[in-house]
Amino acid sequence: MLNYQLGILYQARNQFQKAIAQYWKSRSLDQDSDLYSLALASILFHCKQRREAIQVLQTFLERHPKSLPGIRFLCRIYIQESQFDQALASAQKGLVLDPGDSYGHYLLGISHKGLMQFEEAKAALEQAVALAPSYAEARLELGLLYSADHKTFGLAVENLKLALSSGLVRPDVHKNLGFVFLKLGEYEQAVEQLELALQGRPDYVEPHYLLADAFRKLGMREKAAAALKRFQSLRTAARERLALENRGPRLYAKGMDLLSKQAAPEQAYAAFLQSVEASPGMDLGFYRLAQIDYKRGDRQRAADWIRQAIQVYPLDARYHFVLARLLEQTHVAGSLDAVRTAIELNPTNADYHNFLGNLLFQRDDFQGAVQAYRRSVEMDPDDPIPHLNLATTLPKIGAAQEAEREREIYFRLTRGRNPE
Amino acid sequence: MRRRLSTAVLFPLLAVEAWALVESPNPGSSVTFQDVTEQAGIRFSHRNSPTPKRYAVATVGSGCGFIDFDKDGYQDILLINGGWTPGTDKNLPFDHSLYRNRGDGTFQEVTTQAGIEANQYYGMGVAVGDYDNDGFDDFFITNFAGPDLLYRNNGDGTFRNRSMAAGVGGDGRWSSSAAFFDFDNDGFLDLYVVGYTDHSLDKNNPICKHGPIVATCGPEAFNGVPDVLFRNHGDGTFAEVGQKARVAQFAGKGLGVAPLDYDRDGLVDIYVANDGVDNFLFRNQGDGSFSEVGLLTGTALDENGEPQAGMGVVAGDYDGDGLLDLAVTNLDLEYLALYKNMGDGFFEDMSSRAGVLAPSRPFVGFGLGLIDVDNDSDPDLVVANGHIMDNAAQLRAGASYRQPKLLLENVGGLYEDVTSERGEVLTVPQVSRGLAWADYDNDGDLDVLVSNCGGSPVLLRNEGGNENAWLQLKLVGKKSNRNGFGALVELKFGEKRLVSQVTSAGSYLSASDYRVHFGLGEYQGNVEITVYWPSGIRDHLRELQPRQIVVVEEGSTNHPATAAEARVPG
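As you go down the protein sequences, you meet chains A and B in turn.
All residue numbers for the first sequence refer to the numbering used here, where the first residue is 1 and numbers rise by one.
All residue numbers for the second sequence refer to the numbering used here, where the first residue is 421 and numbers rise by one.
Don't read these hints as lab results, they were simulated from the structure.
Just so you know, not all the hints are guaranteed correct.
With a Cα cut of at most 25 Å, we get these calculated PhoX-like pairs of lysine-lysine [what the hints assert, rightly or not]:
id, chain 1, residue 1, chain 2, residue 2
1, B, K491, A, K254
2, B, K473, A, K261
3, A, K254, A, K48
4, B, K629, A, K295
All chains, please: the whole structure from these sequences, using the hints.
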């Protein structure tokens, strides 16, 4: 409980690295607690580590398949990741456990929508609002679905109005309501809603386009021309901003393309360099630069690049592990710190523990090394290397018999394997 | 419905031909489409040369076309082939195919006899038109990363490649759709060639990934290229006038093109469907130049003000108000955009209100026709679908590479999805791209040809469409271009008025039968036709009996145009 509370504390202070470490600890101490697993998954999800979040939830649900909060959360992450078929399966599982759960029906509706099963989506969302009439998000989604068909424009208006009256007072809801009014030929109401959307967000591009249309139909040509002009200028600005934002990622993609074509690494290196110059927040660009320098044998430079990647995004365990590997020969203490941070951020990676074991072995901390190798085996029992390391280290702490068992496991796992 | 025979009527002032005496099928049966590809003898298979690198060109497919090259009154078929990509067998044949319509429902492959050269490039689209006004239709093939090809019809069943001599080979940019049209009304067909992107196999050829999965690059990975406009000198040569005409200033990512006189000023305008960027509407200013008015007219963007992934486009009067509207195919989760011409210089996106949006949203649309398949006197929508990603299902749950076609029936200006009721073949999932239409068997209803990417085309014979009455017109220009392209034809029967503009262009990479086809429903009486020629001449035909194919020669009704009449009344 203490780790969990510390996690909350760190999270509240935006110290995510420490918070993640504490949540991992709390979860490893009690893997059956849905509170700890969900908190960990939640922070991983928040910190853009969605794959890890999914893994945590899947592991938890294997032990507790009837945990409704776990199922719902996993479903939500699948939706965010556009894995709608898996989201649908999760939503359906959740509804078997609680058919009266309006949120479950909402998730089911969103999953169907993602799979382009629009009629099923409407039915599920209707069920959600039947159970919870003031369910604003479900009303919004229904409004959007109904606004695609002239036969259901009335229902679209009804649901969007209910979304607003249920507390979802947002520019996009006003814009969508304005859009449907425009389609219905109710131009004054359309203008009213579109202007409300712009009050909330003056640089919102689309309402200006719709306003131009509404004004034109009301015979207000000057206002229509002004709205269209505003639309164009906002659009140009947005396009330029996007081009600037995309420059780094585009150059990064170019670098990756060159790498995958196994072209001259200098060209890929130049592209990655340009990508981080264009977008200094491109941690992946720094990571790739480190990778190329490492391959060239320039560990020092590679370490500098990976430090920059860490500076941009300190929550990626991989970066800390790469740093640890790069410092292994020159700065063992730094290497130890880095691999420990990697483990704090992701204690489930067997390689990290094995590497920690190696560093501790070098420092004659055989007890610590054995502990690390054992963790590695725990995470990946089929990897022969930690078993071999245990076989080598255990005699040093007087456990020769156990060492022999580890050696046998090692031979069993490597039997028939290519020595390469 | 009454069982009746189509009849040939000799109209005193006109050359009238009746090519078919066709007995209607069983009364009461509705329209269905039947796959007759095999029995028609079409054996073509498109090669797109897919590889794990997923080059963009391997997914855009190639087009198809109808052309009556031997002037026997039956529409022949031209099928465009793809080409080679790195990592595939360069020695495979990638030849296009020309099939001659025997007139008995079967076709004979005559590619070699007709002098069509072995394909050395990666074929894209086809445009059909009689550019030298000799009475025999020529065709133009667009290519990816190679010169475009103009084949002149020698009039003896053979063609000759005149690209170099005519000066229309282009600069090897990626050309997609093309259209013959007479933009300066000088009586000779000019040529509009749509440019896609600056991608080729040896430059700007990235490998795109969605996470770890290699996926076909979208248009955002490339820069757009301007379109090309060739002006016909009238002596068999063309001049590139894109800059002067102010169309080459705009670099779009064009895939589809439709000529139409949207403002009914007697000058043909051009609409270009662009992929992922604003669509263009080039208004013909009558002085040899165009003005781009897409955004101003409401045809550049979707109903929310966002650009869509324009693929194919077709023009037609879907709501019977006498004005030409536009339909544009787009990606899935976007929709088939139906822009209604309001007659005041503006268009309105009617997709949701006309019932087109919802049924089209799950599909990636390419070729399309706005054609009256059931002859009930309003144009229906036929759409060829197929995803651009061959690994679509891997990239997005619920998506599929192969998709069914879509048939939306026009019921008083509102569309209803009748795909599953109009022939099983429409529901068969395929990777469809080009779509062309023609009454290839001259039985009074419109049939459809669809090209499939990396597969065989399908010829869909319309069964039952001719239960309703119909009338077809083939225009022969004298002062205007020989094909009559750009002429507006207005048909009146009872209280109804139908309008159609003559063109072989539209859809996606494809060319269709340019004979004007009108469905007349259960109407049994005679009809009235007015032809507004690009030259300004107007021909007026009265007391025409339905169920026949009429040839109208320009000026044959001896109705000289006044200046006022040269402007078509809206």
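Handout entry: Distance restraint between K473/B and K261/A, which requires alpha-carbon spacing of 25 Å or less
Key = Holds. K473/B to K261/A sits at ~10 Å (cutoff 25 Å).
Handout entry: Restraint status (C-alpha distance of K254/A to K48/A at most 25 Å)
Key = 23 Å, holds
Problem - Restraint check for K491/B with K254/A, where alpha carbons must lie at most 25 Å apart - result: 53 Å, violated
Problem - Distance restraint between K629/B and K295/A, which requires alpha-carbon spacing of 25 Å or less - result: 24 Å, holds
In summary, the structure is inconsistent with hint 1 from the numbered list given earlier, while agreeing with all the others.
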